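Undergrad: Going down the list, the sequences are from chains A and B. Its first residue numbered 0, the first sequence is counted upward by one per residue in numbering that gives the first Met the number 0. Its first residue numbered 0, the second sequence is counted upward by one per residue in numbering that gives the first Met the number 0.
You can trust all of the hints, since none of them are fake.
Only pairs whose alpha carbons sit at most 30 Å apart, straight line, appear in this in silico DSSO-like list of lysine-lysine:
#1 Lys221(A) <-> Lys181(B)
#2 Lys177(A) <-> Lys181(B)
#3 Lys288(B) <-> Lys352(B)
#4 Lys222(A) <-> Lys181(B)
#5 Lys177(A) <-> Lys222(A)
#6 Lys222(A) <-> Lys273(B)
#7 Lys222(A) <-> Lys349(B)
#8 Lys177(A) <-> Lys2(B)
#9 Lys288(B) <-> Lys227(B)
#10 Lys2(B) <-> Lys219(A)
#11 Lys222(A) <-> Lys2(B)
#12 Lys221(A) <-> Lys273(B)
#13 Lys355(B) <-> Lys288(B)
#14 Lys177(A) <-> Lys44(B)
The calculated label-pair distances, taken between Cβ atoms and stated as ranges, are:
#15 Gln120(A) <-> Arg268(B): 52 to 60 Å
#16 Thr217(A) <-> Gln324(B): 39 to 47 Å
#17 Gly196(B) <-> Pro83(A): 48 to 56 Å
#18 Ala202(B) <-> Thr138(A): 51 to 59 Å
#19 Gly64(A) <-> Val354(B): 46 to 54 Å
#20 Ala151(A) <-> Lys288(B): 57 to 65 Å
#21 Gly109(B) <-> Glu225(A): 25 to 33 Å
#22 Asp58(A) <-> Lys288(B): 42 to 50 Å
#23 Gly154(A) <-> Leu110(B): 32 to 40 Å
#24 Arg17(B) <-> Glu85(A): 41 to 49 Å
#25 Leu110(B) <-> Glu85(A): 26 to 34 Å
#26 Gly36(A) <-> Val354(B): 53 to 61 Å
#27 Arg268(B) <-> Gly64(A): 36 to 44 Å
#28 Glu86(B) <-> Glu169(A): 36 to 44 Å
It should be emphasised that the hints constitute simulated quantities derived from the structure, not laboratory data. Note that the coordinates shown come from a computational prediction; the quantities given were computed from them, not determined experimentally. Glycine residues also receive a C-beta, built at the ideal position from the N, C-alpha and C atoms.
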Amino acid sequence: MSASAVCSHRISIVTGHYGTGKTEFAVNLALALAAEGASVMLADLDIVNPYFRSRERRDLLENVGIRLISSSQACSDADVPALPAELLAILENRDIRGVLDIGGDPVGARVLARFQPKIVQEDYQLIYVLNANRPEVRTAEAAIAYLRGIEATTGLVCSGIVNNTHLCGETTEEEIRKGAALAESVSRETNIPILCHVAEEKFVPALSDLPETVFPITIKMKKPWE
Amino acid sequence: MAKELWKGNEAIAEAAIRAGCDCFFGYPITPQSEVPEYMSVHLPKAGGVFVQSESELAAINMVYGAAGAGMRAMTSSSSPGISLKQEGITYLAGAELPAVIINCMRGGPGLGTIQPGQGDYFQATRGGGNGDYRTVVLAPSNVQETVDFVQEAFDIADMYRNPVMVLCDGLIGQMMEPIEWKPIPKRDLPPKDWAAGGRKGRADHNFITSIFLDAEECESHNDRLTAKYAEMEEKEVRWEEVQCEDAEVLITAYGTPARIALTALETLRSEGIKAGLFRPITLWPFPEKALHALAGQEHIKAVLDVEMSTTGQMLDDVRLAVEGQKPISYLGHAGGVMPTVEEMIESARKALKEVK
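Construct all of the structure, not just a fragment, from the sequences and the given hints.
TA: As structure tokens, this is what we get:
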């Protein structure tokens with residue numbers, strides 16, 4: 000299935016508990032959409048983390064024509080909680096396919112609240128990224144509590160779950176399946192559909208029995224020794 | 000036990016709670032703010048006390064008070080905040096109080112940058128505060144080691160009645176890695192019968208101070224401390240040697256650069272260059288004897304020290320240990336820039352070429 004079919008709304012807002020791998024998913028999603036010919040803008044709205052933000056991959060993204068909007072372009076290493084005015088370009092230009100990479104937790108999602116009146120007028124999807132190996136969201140109950148917290152903070156409604164369960168370089172097929180089971184119980188209790196299971200390319204063939212799409216990624220947010 | 004994915008800073012906080020940390024006093028600063036954030040939520044649930052102090056100075060002095068009352072106390076900060084805590088650290092050492100201090104280093108000097116750095120080596124190992132004192136400095140190079148060392152740090156502190164620092168760089172605090180909560184061997188610790196926690200039936204109060212106005216009394220206090228530091232040097236020194244058995248070029252590095260060095264070793268070895276890594280795990284006590292002996296081996300031709308510091312700080316200890324037996328070259332970056340695998344490989348090649 001194409002990326003534009005998996006995330007079928009004009010604006011994909013990527014949220015979740017911090018450390019679940021939102022940025023890795025957001026960067027890969029933007030790249031996949033661009034590869035399918037869409038005019039893509041990726042907004043790095045992470046005001047929570049000082050490192051490992053999508054703005055660190057500016058060159059990679061711009062080389063394939065993706066416009067990166069980040070909160071402090073003049074000083075990309077700072078942790079200033081300021082938002083770029085350019086974000087409006089995604090909200091107002093309906094020819095743009097937008098991916099919004101949001102910082103972790105309801106705290107990180109707070110940046111969206113001021114744009115809520117504009118966002119709800121657009122074809123948007125609030126995506127909740129899950130990682131069953133993150134201790135604070137490993138149960139359906141805890142994961143749903145974070146999800147509801149993000150919805151309450153942003154005033155937006157979540158309509159898609161992404162299973163991004165991994166253990167960095169130690170990920171196995173079983174880990175992804177463990178996450179699929181968690182995503183399924185969250186989906187069952189909330190009636191929010193699972194959009195996809197994220198997996199490095201090498202795991203994709205072995206996961207073909209999963210009922211939902213497996214979204215293949217290559218790791219872009221590498222550590223300095225990787 | 001199954002592995003879990005933890006961010007370095009939150010893992011530091013959780014490790015401290017698991018080690019029985021009673022009190023945490025801190026003040027936010029990037030890139031370590033997740034430590035107090037996690038503590039504020041989870042330490043009270045575990046029965047402990049969390050205080051966000053009005054400043055770093057207040058935090059370290061709260062640590063002094065709590066440690067003096069016999070509590071397991073901890074504070075954490077990043078470089079500029081640790082500078083502010085130096086007075087408190089020398090008072091802790093002088094008053095022989097156990098405490099755990101986390102420094103999640105960023106680039107300096109001054110306010111510097113929020114990106115990772117290693118410019119606080121001198122401050123940590125030489126004592127940024129006044130007087131003759133030492134603190135054990137543990138330098139983890141991944142998140143697993145960080146959680147293990149934080150738990151051990153409390154025991155080391157209690158064992159010697161001395162502050163212990165866990166010195167990591169911002170990258171370790173900020174990155175996500177799979178870890179396992181392993182049982183940490185507990186030490187047989189002396190009772191805290193010195194603590195100012197009430198008379199408990201004794202005739203006299205315990206008294207905690209770092210002031211000894213009589214010169215001879217102050218010197219004998221220093222002599223006692225010095226004997227304690229000698230014991231720590233003997234018993235607490237730690238290091239790791241990777242592929243050193245036949246190495247011709249020896250890389251010395253700690254923390255994140257040591258991690259980068261592991262990847263560099265793979266490439267160098269695949270090119271037929273015999274490279275090894277000597278990684279000090281305790282920066283004080285520095286594994287001087289081990290490095291001296293290794294550098295004296297005939298197969299070692301050159302030493303390359305790599306740090307996230309432009310001046311080279313551990314480099315001084317490397318020179319003292321190598322004692323001129325082999326040539327030492329240096330690769331350093333600062334201001335939040337990290338050495339790359341490629342330039343480490345290039346520097347190792349060059350170091351070897353110069354002696355061959």
